[in-house]
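Trainee: So you can see what is in the structure, the chains are spelled out below.
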Amino acid sequence: MIGMYYITLLTEIGIYSIAALGLNITMGYAGQVNLGQAAFVGIGAITSALLTLDLHLSFWIGFLAAGLMSLLIGVLLGAVSIRLKHDFLAITTIGFNFIVVGVFEYYSVFGGTTGLIGIPPPRILGHSVWGFNFMVLVYIILALAAAGTWWIEKSWLGRAFQAIREDEEAAQTMGIDPRKYKILAFAIGAALAGFSGSLLAHFKTSITYQNFGFDKSIEILTMSILGGMDSIPGAITGAAVVKLLPEVFRPFVEYRLVVYSIVIVLVLVFMPQGILGRNSPLLEWLRGGSSGERSNP
Amino acid sequence: MEITAAFLAQELITGLTLGAVYIAIALGLTIVYGILEILHIAHAGVYVVGAYVGLVSYVATHSVLLAFLAAAAGSALVGVVIERLFYLPMLDKPRHIPLMISIALFILIEEMVANTAGHYPKAFQTSLPSSVYSCCGVLISFQQILLMALVYALSLAIWLIFEKTRLGLASKALIQDLEVAEAMGIETNKIVDLNFILGSALAGIAGMLVGIYYGKISPHMGDVVAYESLVVIVLGGFGSIVGAVVGGLILGVAEAFLAAFFSNILPRDAFAFIVMIVLLIFRPQGLFGRAE
Chain A
1 MIGMYYITLL
11 TEIGIYSIAA
21 LGLNITMGYA
31 GQVNLGQAAF
41 VGIGAITSAL
51 LTLDLHLSFW
61 IGFLAAGLMS
71 LLIGVLLGAV
81 SIRLKHDFLA
91 ITTIGFNFIV
101 VGVFEYYSVF
111 GGTTGLIGIP
121 PPRILGHSVW
131 GFNFMVLVYI
141 ILALAAAGTW
151 WIEKSWLGRA
161 FQAIREDEEA
171 AQTMGIDPRK
181 YKILAFAIGA
191 ALAGFSGSLL
201 AHFKTSITYQ
211 NFGFDKSIEI
221 LTMSILGGMD
231 SIPGAITGAA
241 VVKLLPEVFR
251 PFVEYRLVVY
261 SIVIVLVLVF
271 MPQGILGRNS
281 PLLEWLRGGS
291 SGERSNP
Chain B
1 MEITAAFLAQ
11 ELITGLTLGA
21 VYIAIALGLT
31 IVYGILEILH
41 IAHAGVYVVG
51 AYVGLVSYVA
61 THSVLLAFLA
71 AAAGSALVGV
81 VIERLFYLPM
91 LDKPRHIPLM
101 ISIALFILIE
111 EMVANTAGHY
121 PKAFQTSLPS
131 SVYSCCGVLI
141 SFQQILLMAL
151 VYALSLAIWL
161 IFEKTRLGLA
171 SKALIQDLEV
181 AEAMGIETNK
191 IVDLNFILGS
201 ALAGIAGMLV
211 GIYYGKISPH
221 MGDVVAYESL
231 VVIVLGGFGS
241 IVGAVVGGLI
251 LGVAEAFLAA
261 FFSNILPRDA
271 FAFIVMIVLL
281 IFRPQGLFGR
291 AE
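Note that the protein sequences, when read in sequence, are chains A and B.
Okay, so the first sequence: first residue is 1 according to our numbering, each after it adds one.
Okay, so the second sequence: first residue is 1 according to our numbering, each after it adds one.
Watch out, some of these pointers could steer you wrong.
[Unchecked claim] Straight line, CA to CA, 16 Å or less: simulated EDC-like cross-link-like pairs of lysine to aspartate or glutamate: (1) A:Lys85 with A:Asp167; (2) A:Lys85 with A:Glu166; (3) B:Lys172 with B:Glu11; (4) A:Lys243 with A:Glu12; (5) B:Lys93 with A:Glu166; (6) A:Lys204 with A:Asp87; (7) A:Lys85 with B:Glu187; (8) B:Lys93 with A:Asp87; (9) B:Lys172 with B:Glu187.
[What the hints assert, rightly or not] Here chain B is said to cover these stretches of chain A; the calculated rule only asks that three of the stretch's residues, wherever they fall, bring their Cβ under 8 Å from a Cβ of chain B: (10) 78-84; (11) 90-100; (12) 103-114; (13) 156-162; (14) 190-204.
Treat the hints as calculated values from the structure; they're not laboratory data.
Just so you know, even glycine gets a beta-carbon here, dropped at the ideal spot from N, CA and C.
Work out the full structure, taking the sequences as your base and the hints as a guide.
Mentor: In structure tokens:
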């Protein structure tokens with residue numbers, strides 16, 4: 001069997017893939033900037049942790065409640081966002097992240113500075129799920145999330161998201177209410193983050209406010225952008241790259257962040273559409289690179 | 001806690017000093033945003049570079065003035081390199097791309113500074129007087145007076161540059177319509193360069209000023225200001241110099257008082273963002289921005 005080190009790494013890749021998928025919906029499909037995705041992960045994680053720790057409810061209830069709670073707060077942020085233009089929205093979502101983390105840090109109900117510890121692992125048929133089995137659980141949920149995202153992409157909803165991303169006024173003349181769909185895009189993206197947060201809490205069994213800071217939002221955003229914001233396999237690839245990079249560079253631990261940020265900058269400069277995004281050089285090459293014309297996005 | 005007039009006045013001075021720090025950083029950010037409409041998070045990295053160049057130059061020359069000039073020059077160079085290499089080529093990309101690049105550059109600059117100069121804070125002691133003046137129970141230090149005087153003088157100078165000189169006029173033309181400005185014979189790249197040089201030099205001076213004021217600098221001194229200075233330019237309505245000054249003052253004073261009375265409710269940066277979001281709900285274009 002594979003060792004615990006790889007199980008942990010693979011589990012985290014799966015968990016963060018779900019949050020990155022959510023960001024793909026909000027930002028990639030609907031074009032709504034969200035720089036506070038980690039806050040929604042945190043809201044889900046703490047909801048799930050509190051329900052299982054304090055109320056002794058099962059993981060499954062905590063898991064569903066985590067998604068629901070993040071969804072509701074996503075609706076709130078979405079409602080604020082419909083009044084804001086691009087850069088104001090970007091900064092508001094940064095602020096949202098700082099506020100949420102501040103609340104977690106200052107109120108001991110949410111863990112305070114020490115965090116929440118002893119979060120129980122899920123139980124299936126009377127058995128605790130951890131290690132390899134937890135990893136399998138994460139990938140089953142990731143598969144469901146990916147299927148749901150794929151369904152959204154292909155459905156009327158996905159078309160509506162795309163319409164408000166491309167041209168809000170044109171969408172409106174076609175009877176698509178941008179406000180409704182922007183809120184919906186935030187809500188769905190946040191719910192996925194909430195689910196991933198619940199998994200993270202029960203996997204790590206202890207969480208603190210530092211797990212959900214703005215730097216984590218940047219990490220999730222990097223996953224989504226690196227992979228390609230309009231690609232479902234992209235979100236998973238992005239999560240894998242972002243989680244594996246620091247491991248690969250472990251020998252140069254002092255320069256880890258230096259290398260990490262250089263890689264991000266290089267990818268963004270030379271491949272802004274992401275590794276697997278539409279028109280990405282890699283996809284063109286895989287298709288045989290037959291077409292001479294390279295359309296710029 | 002007993003609330004006296006002296007206590008309130010003391011908090012006001014703290015707030016005005018803090019406001020001056022925010023203004024010093026937000027001025028450069030405002031100039032840069034005004035010209036390219038990029039959220040230049042790496043500006044906080046440029047500010048850190050200024051603080052370190054300032055310290056190294058001061059240790060080498062023992063002249064505060066030369067150190068300020070070196071800080072300004074070093075930061076201006078970093079700023080203009082970022083603009084040329086990473087921002088100008090990215091203008092036609094979706095706007096979250098330059099934003100992400102800027103955040104990654106900020107991390108990169110901080111880490112490079114930390115790896116060359118050490119992760120721990122370094123003392124920044126100068127020969128400037130460290131006297132503290134007292135009046136009616138209110139204390140104000142020479143450092144605070146220097147910080148405020150310099151920042152307000154620089155704000156005025158920047159305002160004059162943008163209102164009264166050809167650079168200001170050309171910048172305004174460029175902000176209105178880049179292609180038309182180019183057609184009118186304005187060397188747009190040069191104007192953008194000059195704006196970045198000016199904005200980044202200000203950040204460098206701000207970094208060194210803050211270092212002198214707190215008596216120390218650290219590679220992570222930009223962490224909080226990176227995002228709080230965004231609050232300032234949002235309050236000011238993006239790209240307005242008067243707005244940045246007023247926004248910085250409001251944020252500084254509001255933070256000082258909120259921290260004095262409600263410090264156990266939420267951290268300071270969270271307060272700043274709550275003030276901003278509440279304001280944005282009622283005035284989505286910021287305090288001084290024009291409604292579209």
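Trainee: Are the hints correct? Go through all of them and say.
Mentor: Here is what the structure says about each hint:
1. A:Lys85 with A:Asp167: OK: Lys85 (chain A) and Asp167 (chain A) at ~14 Å, within 16 Å.
2. A:Lys85 with A:Glu166: holds, 15 Å
3. B:Lys172 with B:Glu11: violated, 38 Å
4. A:Lys243 with A:Glu12: holds, 8 Å
5. B:Lys93 with A:Glu166: Given that 16 Å is the threshold and the Cα spacing comes to 14 Å, the pair holds.
6. A:Lys204 with A:Asp87: violated, 35 Å
7. A:Lys85 with B:Glu187: violated, 30 Å
8. B:Lys93 with A:Asp87: Holds, at roughly 15 Å.
9. B:Lys172 with B:Glu187: Given that 16 Å is the threshold and the Cα spacing comes to 13 Å, the pair holds.
10. 78-84: Contact hint for the stretch 78-84 of chain A vs chain B: holds, 3 residues under 8 Å.
11. 90-100: holds (count 8)
12. 103-114: holds (count 3)
13. 156-162: Per the Cβ count (0), the hint is violated.
14. 190-204: n = 0 at 8 Å, threshold three: violated.
When held up to the earlier numbered hints, the structure conflicts with 3, 6, 7, 13 and 14 and fits the remainder.
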